[in-house]
Structures are given as structure tokens and as C-alpha cells.
Amino acid sequence: MSILTFLGGIHPEYQKDRSISEPLREPGFPESAVIPLSQHIGAPNEAIVKKGDIVEEGEVIGRSESFISSPVHSSIAGTVLDIKKTFHPSLGPAEAVFIQRDKTKEKKKYKVQDVDNFTSKELIEKIREAGIVGMGGAAFPTHVKLNIPENKSVEILIINGAECEPYLICDHSIMHRKTKEILQGIEIAIKILSPENVYIAIEDNKKAAVFAFKKAIKNAPYGLISKTKVVLMETKYPQGGEKQLIKAITGEEVPPGGLPLDIGFLVHNVGTIYAMYEAIYFNKPLTERIITISGDCLHRPGNYMVRVGTTLREIIDQYGIELYKKPGKIIFGGPMMGIAQPGTEAPVLKNTSGILFLSEESARVFKEEQCIRCAKCVDVCPVRLLPTEITKTVKKKYWDKAKELNISDCMECGSCSYVCPARIPLVQYIKEGKNGIAGK
Amino acid sequence: MDTKKLKITVSPHVFSAIDTKYMMKGVIKALLPAVAASLYFFRLQAAGIILASVAGTVCTELVLQLARKKQVRIGDYSAVVSGLLLAMVLPPSLPLWMCFLGGVVAIGLSKDIFGGLGSNIFNPALLARAFLMAAFPVALTTWVNPRGVDAVTTATPLALSKFEHIITSYPALFFGRVGGSLGETSALALLVGLAYLLYKKIIEYRIPVAFIGTVAIFAGVMKLLDPAGAAPPLFHVLAGGLLLGAIFMATDPVTSPVTKKGRWIFGIGCGLIAMIIRVWGGLPEGVMYSILLMNAVTPLINRVTRSKRFGEKNVK
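Protein chains in written order, with numbering that gives the first Met the number 0: chain A, 0 to 439; chain B, 0 to 315.
Isolated chain A, as found in the complex (with noise of 0.2 Å):
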């Protein structure tokens, strides 16, 4: 089986194996949860729940009529403490739905549905009535990827299984775990899609989920998924970015400014296909997801499987975090492109993969020197920029040559600034070129 790949990226340390043979843990439900309203890109959406209310598990407590939102749901049963602004772990201060837990509830159970007879604008609505969101890190609406405009068409189906960023290890673990679960979500998404080819793309790294998915595909009676291939990707940072995942297996690049969608591919990712799948089966909500919480303070890091809502103060009282190193940096999601946290505020959302504790001597935070032009971030840009010229730019706020050098290409995916020997933050110079281009 050949190993497929991109040109440019980098070979970070990838540490997973210190969680990989870890099982899958499920410490329940958290005392309170705190649902922030928006979760997703596209219009906000409002509060349909007030101060006051019982909320049951899984019950919609804000939506929007606009199509491109995604409604939140109670991801507990419990009463509405209050509605207001908390930390958002990506936007900073958002409206949020608190939910004190009714300790006399059970798990919801979900009962298995009758799923042949969906047509697949049924099946549309029913995935956007769960909530489900690219639980890969964009949460982007599943619904409004999967309803495809009528001049348009997917030929190839590539199913994100790569997991490229270093620690996280979620993908992996719903992939081994679930692997049949996911192969019936997938026959769902070809079911909406009708595509001629479907792709589930892996890194070398991740043996284990690759067996698991042939042998699956092999044994599987489903006839829709006999047009579904396992594809092996080279372990390298960002193989799992959605241009990167179509560039390594058709050689096709998505236009700048563009979508896959105008070249003909979609993209989702594997976690993503099994809420759909427990969305269509099970009529189940997006209010849980695994999560990684690893990093080198810790010593037992794992998987979890979390309630959406969850804080990150809730998680590290009630998880048995045991942290024994002071950790210098808390991130939400990977070391690449996730985010530090200035506390524990923060509540897991629908695409938080993983929750990081890394020690102040793994995420040490360097002076800027001068740059020797060595290039290193030229070679390694997956989009063919050069991040160092364009930095020369943003520092003279020469926006129009900004421009003129592609600045907006540039995915931020952190590969230029990982490699640069006199450790100029790239990536944050590009931010405020974006932003100064924009005016704000």
C-alpha cells in the first residue's frame, strides 16, 4: 500500500504514544454544564430556554432560523441557572446557557430508529436537528456541507481520519472503536452525496485504525460501501488539512478563496461521521464527544468521553487530573493550532478535540531574533507562501504588497513559525495582516 502525501510540512514530536493504549474513560456527567450558544460558524443563535427552566437531556436550548447555524442542546438534565456571558475558548467573552445537573436523572437512553426509508433531504434535516458540527476543529455546520447546490457535485468523498496534530489521539480511538458505527455513517453521507469514490484517509501512524476499517470494509454487507478505500497518508504535520487531505490523494488543488466542493471533493471528518451516524440511528444529539487530555504534566493522559459543556475547572476536580508538573500552557486542541487558555473557565464544546497541559519547558515562549532568510518556512508551507516575506510585509503594513504575496492563502496552520530558527512568531504577524488588511 503506498503512502500518500503533500509537499512541504514538518515532523513534529508526535506524542501519542504515551495515551494511545490508554481505554477510553467515561467519568459521567459533570455537576453543571456551561452551553455556550453559538458553537459553530454561521449566524448566532438565540436562547430558547429562560433563568428558571427544567431542561432534559439533549433538548434544544438555542437555535437560529438562519440554515447556516447549527441549534445547541442540554447536554444534561438539570434547571437553567442563568444566561450570560462567559469565556469561550476561542471567541473570548459569548453568550452561554448554565445548567445545574438534576442528580436524579439517568443517562438518557437512546432508542435505535428505523433508518431506510430517510430520503436525503430527511436525513439533511435530521443531522441539522442534532447539532452537528466538523467536530475536526472548524465547526463548520455538517448540515450545510452535506446540502449540496444543484450546479454542483461530489465525485470523491474523503473521510478525515488523519489526525495530524501532535497528542491528540480522539480520532484514533473512535476509529478503532467504532469503526463499523462509522462505516454506517459514512453509507449515510453516500446515501446523501452519491459520490463515485469515498476515501478514508489515515496516517501510517495509526495502524491499528487502518486494519480495523479493511477488515471492517471486507466483512461490511452493506453494498454502499463497497466504493470506500482505506488510504494511507505520510505522518507529517498538516496532513490532515482539508487542501493538504485532496492534494496528497488526487493531486487536485482546491482554488484560493475556494471550497473542495467547487473541484468536485468534500471532507469530513471521522468524528464527525459518527455523530451522524448516532444522529440518523439513534436520534441523538451532539452533547458528548472524546476528547484527548494529555500533555507532560500529566501522568495518567487519556482519552475521555466528555459532555459538551463541561469547564475545564469541572474537569480537572472531577476527572482525577493529576497534574505533576506546574503546567506553563493550557490548550484547547492541538500544539499546532489550538488555543492557550489565560484559566479554567473554558467549557469543552462540539469541536474541542483535546485539552492539553504542557510544562513550561515543552512550551517555552522564545524572544524574536533577526531573521537569516534561511527559508525553512518557505520549504515547509503546505500553500507555496512565503511566510517570511510576507511578515516583512505586515511589519511595514504594506498591506497591498501583503496581497500581492497571498496572505489570506495562508491557513495558519503554524508549520512556518514551528521551523523558524530565530523563532519569529509567523503566524501571528500573518494574523494581523489579515486583520489590518480587514480594517479592524
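It is worth saying that the hints were derived from the structure and are not from the lab.
The beta-carbon is built from N, C-alpha and C at its ideal position, and this holds for glycine as well.
Just so you know, not all the hints are guaranteed correct.
[To be verified] Partial list, computed: chain B residues near chain A (C-beta under 8 Å):
1. L5
2. K6
3. S10
4. H12
5. T152
6. E163
7. I166
8. V257
9. T258
10. K312
We have chain A; now place chain B onto it with these hints.
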């Protein structure tokens, strides 16, 4: 939990272990075989030249940074690298004060005047050598025998080939028992350095491959056209400053292109200019001028070799 000391920065949060200092130290380590060879062949003369050149660059950097009230950055080893590289391109019999002066020029006129590390246009060591060549032409072209008991002057293999049609034996060129500047005598020592630089990912293969490849092909074509008179390609590769220049000078990140295509063009340009001077020029060797000339066009190369925008071919 105490969260007061949590650090907040923009992603990424982890970094490669390779920093500027590591790269500079890597170049120094890669030069050690050549330094050892120079000490073996030229003994105390070599030691004196190395010390005088490095003293010249480091002192100048220190004095200029103190005088201009800038942060003192001699700890990044870049001045040491410039001094060491300068020593490698000087003849063993050069008076030490000239070596020191070369070091002053390398930093004062080639590096700091442009804004210090990363801002210079020309390779500091080579610009300093070009200056010394213009100021003291006789001293810069007087060569002594390696391991000679007395300072008997000799000619470099390239000069012997050009003016007397004598081709030095390959083992002598390979192991280094030939006349020449400190670092260019032993091809073996330089190739060990190349392997180290590539292995440690301090330099990238394109420039040395393009440079050496162009020289070999050019020499091959000349040999085909003039089987009796022209020197063989392997001779051109092993003799003179080609390996030293292609491995340690042309790959200087500051003064070479940032694009991959640009690095090919840069290497090929260096090879062509070096061979034009070697074959038709008045001097026996042209590596130094080839690199300096290509340094001058590097900004232009960067501008014209930008990669095609990702996804552009699929724009409808």
C-alpha cells in the same frame, strides 16, 4: 489551580529544536574536518590565520554593536562562522594582520553596514577576500606547499592546469596534499562537512548539487570539444575552491534565494560564472566572484521565482 502564570501566545505552542545558534554551531562543526586538515597540512600557519580572522570578525562585531548601542549578539556564533569561513579561503602564508583586517571588512563593510545578521547582500567572508585580493594581490596569490619543511612557494592545481597543463593526481586533490587556501585543499574533509550539514538539515541540497553539477557538465562539454587541452570534469570538481564555495559559501542562507527554484538558478549561475572565469578568464579560479555576483542578483531571483499560487490552476 493557580492560573496566574499561564502563558498566552498565538499558536503554535511547540517549536523545532533548531534555532539560529544551533545552525551556526552546526556550520562550525561541519567545518571542523576542513579545519583539522588545514592544521595538519599547514600547522601553526593555519592556526594563526584562523585565530586572526576570527578575532577580526568577533572583535569588529562586538565593537560595532557596543558603539551603536545595539544588543550584543556575538553569542549567536554568526561572527565566528564568518571569521572561520574567511580563514578557510585565505592562503596559509598570509600575514596575520591582513587576516585580521579581512575580518574587520567582513563584518564592518559586508554585514553590519547593511543592518547586521540577515540583512547583508554579499557573503561576508567572500567580500572580505575580494577586498584583500584587490588590496594585496601578491600576498593573496602566494601559495606554499602543504607540510613543506620550509616555505617553498608552489602553484595551486588550477593554476598548474591553466598555465602549464599539468593535472594534479586525484588522490592528492581528494586527500589534500596540494597547494591552496586553508580550507580548499582536502575534498574529503569538505565532503564530510557536506554530509553533516545535509544530515542535520542545516543546508538544503539544491545549491551544492546545482553548482557542482553545472561545473561538472560544463567541464565535460569542454573536454568533449577539446579532449587534449581541457581538464577533466572530476578535476574541475575537486580542484580549487569549488567544494568549499558550493558547500559553505553559496549555501549561506542570508545571501542565497529563498525559493526552491531560485536555489537551482543560483547554483547553476554560480557554476556557469565560475567555469567561464576558469576556462576563459585571466584568473585560474572563479568561485569567489561567481558567488558574489550571484549574491547580487539574489533579490531579483527571489522576485521572479515565486511559486505558482496554491490552487491557481483550478480557478474557473
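Outcome of the hint check:
{"no.": "1", "hint": "L5", "in the structure": "6 Å, holds"}
{"no.": "2", "hint": "K6", "in the structure": "5 Å, holds"}
{"no.": "3", "hint": "S10", "in the structure": "5 Å, holds"}
{"no.": "4", "hint": "H12", "in the structure": "5 Å, holds"}
{"no.": "5", "hint": "T152", "in the structure": "39 Å, violated"}
{"no.": "6", "hint": "E163", "in the structure": "42 Å, violated"}
{"no.": "7", "hint": "I166", "in the structure": "38 Å, violated"}
{"no.": "8", "hint": "V257", "in the structure": "4 Å, holds"}
{"no.": "9", "hint": "T258", "in the structure": "6 Å, holds"}
{"no.": "10", "hint": "K312", "in the structure": "7 Å, holds"}
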